[in-house]
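Produce the complete structure using the sequences and hints provided.
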Amino acid sequence: MDKKIIRIANGQGFWGDSILGPVRLLREGPIDYLTLDYLAEVTMSIMQKLKSRNPQAGYATDFIKLLQRILPEAQKKGVRIIASAGGVNAQACLEAAGEVVQNLGLSGVKIATVTGDDILHRIDELQAVGENFTNMDTGAYWSEVRNKVSSANVYLGAAGIVEALDQGADIVICGRVTDPALVLGPMIHEFGWQFDDFNKLAAGTVAGHIVECGAQCTGANYTNWRKIKDFAMIGYPVIEMESNGEFVITKHPNTGGEVSIESVTSQLMYEMGDPQNYITPDVVVDFTTVNLKSDGADRVRVYGIQGKTATPFLKVSASYSSGYKAVGQLTIAGPEALEKAKICADTIWKRLEYDGVTFPEKNKLVEYLGAAVCHAGIAREPAQSDEIVLRIGVKDEDRARVDRFGMEIVPLVTSGPPGVTGFAGGRPKATEIISYWPSLIRKERIQHAVHVESF
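Residue numbering for the sequence shown follows this note's numbering, starting at 76 and increasing by one per position.
Hints should not be assumed to be uniformly reliable.
27 Å max Cα-Cα, derived DSS-like pairs, lysine-lysine [what the hints assert, rightly or not]:
1. LYS126 x LYS400
2. LYS302 x LYS368
3. LYS437 x LYS400
Rather than coming from a laboratory, the hints here were simulated on the basis of the structure. All of these numbers come straight from a predicted model, not from anything done at the bench.
See the structure below:
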């Protein structure tokens with residue numbers, strides 16, 4: 076049996092994850108591929124807005140900063156980088172990455188983009204051929220939000236990444252792809268797996284699901300947190316994948332955290348959905364077939380995974396504008412702080428009402444941080460508290476009304492009960508609410524595109 080092993084590490088669980096994750100993965104042990112996951116649903120809408128203001132914007136700029144730091148070492152060690160950093164402007168991201176290559180004095184670096192996911196400009200065309208974009212969660216009609224849509228992206232699978240790697244790309248910049256596709260792509264490329272070998276595709280998908288949130292599988296965000304050592308230097312995950320689809324989840328030696336059956340199971344349960352039908356563009360995975368066993372210190376072997384043919388649809392992630400919101404905070408200290416915080420909230424609503432500005436209860440937010448608000452309905456509210464943070468907010472279609480609300484928080488410092496010691500962030504101003512709209516589209520409507528340039 077071919078025992079070739081490839082090592083794939085994920086160094087970013089989201090845009091904003093620690094920059095030390097990928098830096099340390101390159102420094103502290105051997106890897107063949109470094110994946111970086113930057114995109115969330117609302118992120119795409121933000122990127123579309125940035126691009127509308129600047130044609131060269133619309134991608135994860137942190138990726139470019141990271142390349143400046145890690146690319147020389149990655150090139151020296153032969154580590155290929157795959158990132159969902161392209162957002163809605165993968166070509167601009169490629170050009171910025173190319174400038175990094177040139178500024179660092181490197182040469183012979185191939186950079187690829189994988190696109191085809193952004194369908195914002197194709198909405199009318201696709202509707203004309205029968206795609207209705209009905210909300211798959213609520214059944215609501217697309218016509219309700221069509222004129223307010225700010226982004227629409229299809230989740231692509233691993234095929235484009237495979238094609239880019241087959242063409243020799245050292246860096247692959249993707250738009251919206253599924254999180255597991257970032258690691259499944261190099262597995263298919265390296266081992267020559269076929270797209271109808273569903274058990275192997277399922278294995279690669281599970282591996283990607285385990286590492287997609289970075290250190291969440293190596294002891295972070297973990298219920299048994301007291302046994303985790305050295306959160307500061309927690310190790311990010313490494314997949315050791317074999318050609319037969321069995322793999323080990325591990326981390327570099329002498330790093331913090333732990334890799335155990337419990338820590339891996341914790342991440343397996345994250346955003347799973349139907350455990351027998353975990354749906355991706357490439358395969359439908361049966362998570363009930365996943366087997367785990369210890370393979371030594373900080374090593375968990377995963378095997379026996381089964382998959383089946385993918386559905387004829389791809390998921391569309393759209394975002395739309397749904398009004399405005401503003402949230403502010405006041406810190407209330409001293410005896411009976413909770414009672415004083417409640418007076419503050421009531422005062423705000425009454426002063427607004429006097430001025431003819433009211434909001435329905437469903438559009439108002441009042442939280443008393445420090446009074447069991449995170450466990451409302453479970454933990455009892457304390458009878459006394461010496462410090463409370465009042466978090467109060469509203470949402471509304473009328474921006475002016477939301478801004479009017481924001482004017483009534485700060486005055487409580489001098490016109491409210493004693494103990495209002497400060498406010499966070501100044502007067503809150505109305506900001507746009509971006510809401511999520513999931514739907515499905517037939518696969519034959521979408522074609523990925525791969526573009527490779529050498530620098």
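Item to check | 27 Å limit on alpha-carbon distance, applied to hinted pair LYS126 and LYS400 | outcome: Holds - the C-alpha atoms of LYS400 and LYS126 are around 23 Å apart, at most 27 Å.
Checklist entry - Holds or violated: are the alpha carbons of LYS302 and LYS368 at most 27 Å from each other? => result 20 Å, holds
Item to check | Pair hint outcome, LYS437 versus LYS400 [Cα-Cα no greater than 27 Å] | outcome: 13 Å, holds
The structure agrees with every numbered hint stated previously.
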